[in-house]
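Full structure from sequences and hints, please.
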Amino acid sequence: MPCPHNEITIVQRSQRQSAVAAAAYQSGEKLFCEYDQQVKHYPEKRGIVHNEILLPANAPPEYADRNTLWNAAEAVEKQWNSQLARRWVLTIPREIPPDQYAVLVREFCEQQFVSKGMIADFAIHDPHPPGHNPHAHVLLTMRAMDEHGKWLPKSRKVYDLDENGERIKLPSGRWKSHKEDTVDWNDQKYCEIWRHEWEVIQNRYLEANNRPERVDLCSYARQGLDVVPTVHEGAAVRQMEKRGIQTNIGNLNREIRAANSLMKSIRQLIQNLKGWITELGEKRKELLAQKAAEEATLLPNLLMKYMEIRKEERKDWTRAGQNRGTSQDLKAVSESLSYLRQKGLSTVEDLEAFLESSGKSAADYRNQMKP
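Counting from 3, one number per residue, gives the positions in the sequence shown under our numbering.
If you are wondering where the hints come from, they were derived from the structure by calculation, not from laboratory data. Since the model is a prediction, treat every value here as computed from it, not as a measurement. All clues stand as given, with none of them false.
Label pairs and their in silico Cβ distance ranges: (1) R213 to G323: 32 to 42 Å; (2) A334 to Q248: 22 to 32 Å; (3) Q14 to A334: 14 to 24 Å; (4) P63 to V41: 24 to 34 Å; (5) Q344 to P100: 45 to 55 Å; (6) R256 to A77: 43 to 53 Å; (7) R343 to N60: 56 to 66 Å; (8) Q330 to P132: 30 to 40 Å; (9) K80 to A334: 27 to 37 Å; (10) R321 to N253: 39 to 49 Å; (11) V202 to S179: 36 to 46 Å; (12) G323 to E112: 27 to 37 Å; (13) M242 to G327: 31 to 41 Å; (14) P129 to A66: 22 to 32 Å.
Every residue gets a Cβ at the ideal spot worked out from N, C-alpha and C, and that includes glycine.
Right under this line is the structure:
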């Protein structure tokens, strides 16, 4: 079965990350970063079978060079906490022929990103043994460009107007204003749109190759696993809670939020486990899938497996980054285990039942408050 895993992250200077380093990692090339004056090279990275840069019509042709492109993208960002690039890891269906991997990713990037003005730098990784875990790394620019290929600001100042269309003067003497994004690429809606379009194009390629498998990237909520809604608290309840007076509705909502948060993590972990299992060698796959299925309902086991998966994902990080990530995971898992013990929950079924009970209590409160 195709693995539904895909992950979108932002390369951020505040996290000591570099777009040049990200490009070097996914392409396998040795690049020089002008920002920190360091060579970025990851010779231990294997299985890189293709890399390519896709430019919109208004982009300077010299940006077809990876080193030039990402140093230019970093140079225009002056802040210590600048967002440098958008990074996406996409699992490619193993069921389509290898010679279609790049064709699939190229078509997707051109339709969804390049057509909107982004530059897309993508690489196809097919680690040994070939065909068991093909995936793509896509690095996208964050700024739009004008018709001459010059980077545009990420946002612009817009003056607020009164009912007469006049600018509003503040007591300080300044005009009231706000910032608006130059482009809407950071809008949360695009995560859902891009995920859906990636699902559609994968299924089109599977169908074209006469494969029966299909990819489903729907959220858990859309697959019928709805999050329990909280109860409307009202002004009186909020005022009491603000003064430190706990209320029944406030306590219920705290329980619902905590349980929803934990359930979301558990469901994501189960999905990650499914993807992890598909990446194992064929000889061990059936046995390990059976073992994982037997242990999947035990919440402590899932949380421990989560720690292992996260550690594996960080193996190419710096030692300091690995230690920091492990520390954060330990804290999150410890808090989750404490919550489970407090509520007497040991399996996914227990947590589902707890959420269902909380949902019924919330529904009762809502019915009582109806006029």
